[in-house]
Amino acid sequence: MGIKTVSMVVLAAAALFATTTLQADEFTRADLDLWQSQYQAAVKKGRQVFTDPGLGTNGVVCAQCHPNAANTHPETYPKFQKQLGKVATMAEMINFCIMNPLEGKPLALDDPRMIAIQAYITEERRGVPLAPGKH
Amino acid sequence: MKSFNRRDLLKGAGVMLAGATLPVSLIEMAFADSSRNFTFAYISDSHIQQIKGNRFVRNWDRGLIRAVAEANLMSPRPDFIFYGGDIAQLGKKAEIDHGLEILSGLRDKVYYVMGEHDYYLDLGEYWRSQLGPDHYSFDHKGMHFVVLNSILTYDDWTHNRWASGEERMGVMAGLDDHRGSPFMVGAKQRQWLQKDLAKVDINTPVTIFSHSPLQKIFRNWNFWTEDAEQIQALLKPFRKVNVFYGHVHQIQYNQIGNISFHAAMATAWPWPYPQSNARAESYLPKLTVPMNRADPFFERDATGWQYIDIHSGNATMHFSLPDNAPRTVAFNPATGRPEDVTYQKHRIPPQFHY
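Order-wise, the sequence lines are chains A and B. Taking the working numbering, the leading residue of the first sequence gets 1, the next gets one more, and so forth. Taking the working numbering, the leading residue of the second sequence gets 136, the next gets one more, and so forth.
Chain A on its own, in the form it takes in the complex (with noise of 0.2 Å):
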């Protein structure tokens, strides 16, 4: 490859850097809104998953013992968790809840129930500071 050539493939790739940035830096007010909605979306799917019977085996539903999924403490995670003798996510302790008192099985952590599960949970708990850790 000539000098000549390198300059124009150079050339070219700052030619379309330029114009991705123009455009990623540029979203707009129906951007937003969607966005929102989407999010919202997600936290309306979290309500029905967490007060859905059919989430486990039993009926036992996530809000029986989590009205408006207070002590559930989404700001606290990761924490160590002396059961299970490790720093754990909020991801595996709701993975617990639906394997114990639901009777349930796990949910994949990318299956969108789980999502699902954390948008309404983080929702309900918003305006509270992060507390990593806490306990």
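Worth flagging that the hints you see were computed from the coordinates, not collected in a lab. Cβ coordinates follow ideal geometry from the N, Cα and C atoms, glycine included. There are no misleading hints in this set.
When the alpha-carbon atoms are kept at most 25 Å apart in a straight line, the in silico SDA-like pairs for lysine to any residue are as follows:
id, chain 1, residue 1, chain 2, residue 2
1, A, K45, B, A413
2, A, K44, B, A415
3, A, K86, B, D458
4, B, K371, B, K421
5, A, K105, B, R197
6, A, K79, A, F96
7, B, K187, B, E236
8, B, K421, A, N71
Which chain A residues face chain B? A few, computed with CB under 7 Å, are given here:
id, residue
9, G59
10, N68
11, A70
12, N71
13, R125
Simulated restraints on C-beta separations:
id, chain 1, residue 1, chain 2, residue 2, range
14, A, G54, B, G471, 47 to 53 Å
15, B, A415, A, P129, 17 to 23 Å
16, A, G133, B, E301, 42 to 48 Å
17, B, P268, A, P132, 53 to 59 Å
18, B, A322, A, L109, 50 to 56 Å
19, B, Q265, A, Q83, 38 to 44 Å
20, A, P129, B, Y289, 35 to 41 Å
21, A, L32, B, N467, 56 to 62 Å
22, A, L109, B, Q329, 55 to 61 Å
23, A, L32, B, E302, 34 to 40 Å
24, A, P53, B, N189, 14 to 20 Å
25, B, K351, A, P129, 26 to 32 Å
Fit chain B to the given chain A structure using the hints.
Frame of chain A; chain B shown alone:
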């Protein structure tokens, strides 16, 4: 005042229960003439939940079975047992029947109050067919006891909003369901109460049993009775009044004028304290030292039952917790209010809820 410790109470337990502890609430009523003192046990909120056919949620069954076993081991024997409501989760006959079958193991007379989970499917029809009227009074050892159905609500909500009893029950069963409606005793029962109390001497200690708190703590979760002030006004003439309630699945206590309030733990599961809901204002009595935050890995933690000693019309509440130190809340004559005998001034980290 005679105090019982857990060992005395359970000395009949023997080897079988060595190392185990029991979930009950025991209440001792004591008088200046100590021969009038007596004790009763308080079991509440079992939420027996049918899965299908003869399958029920094991966790809730175990809580009630344990409370019955432990209450049967109490020594000295309680004068009676009070059941604080919510036998069932969704008000079904199968759930009430299964709960009553477990409760039939109790060796003592049991009095019952109606909970919303027993009521909103069929408006209490099956419960009443098994247990009788939902409001009544009785006298015991110089005290007057009144049982109220405090979980009624506005007629329009009850009768005109829902396609079926199942739908209505489902909404009321969701503690945080915004389509719910505040609890109340209602005008009819208040008139009955006024009449019932008219024949009681003001020096007679009066004890009220209700499912919901006859004080306003947190409306969103119905830790609340809409006409609480009107009931309190009817109780005001009496020298000494105790109110015992279930519903909240946690230790609460308070003093308003002449009235001492005590809540019972559930046998099924504990509920968060209202301040754990970051998005709403609540009024947990400042007096209350909360029970320890529950360990989710031990399914009986923060559940239990209580026994109550009545002295001079004042109650001492003993909470039996399976995985924590037992709690005792006793009336302090110096301050004129119930106080935790150990933790009132020295809370420990698990008692801070957020």
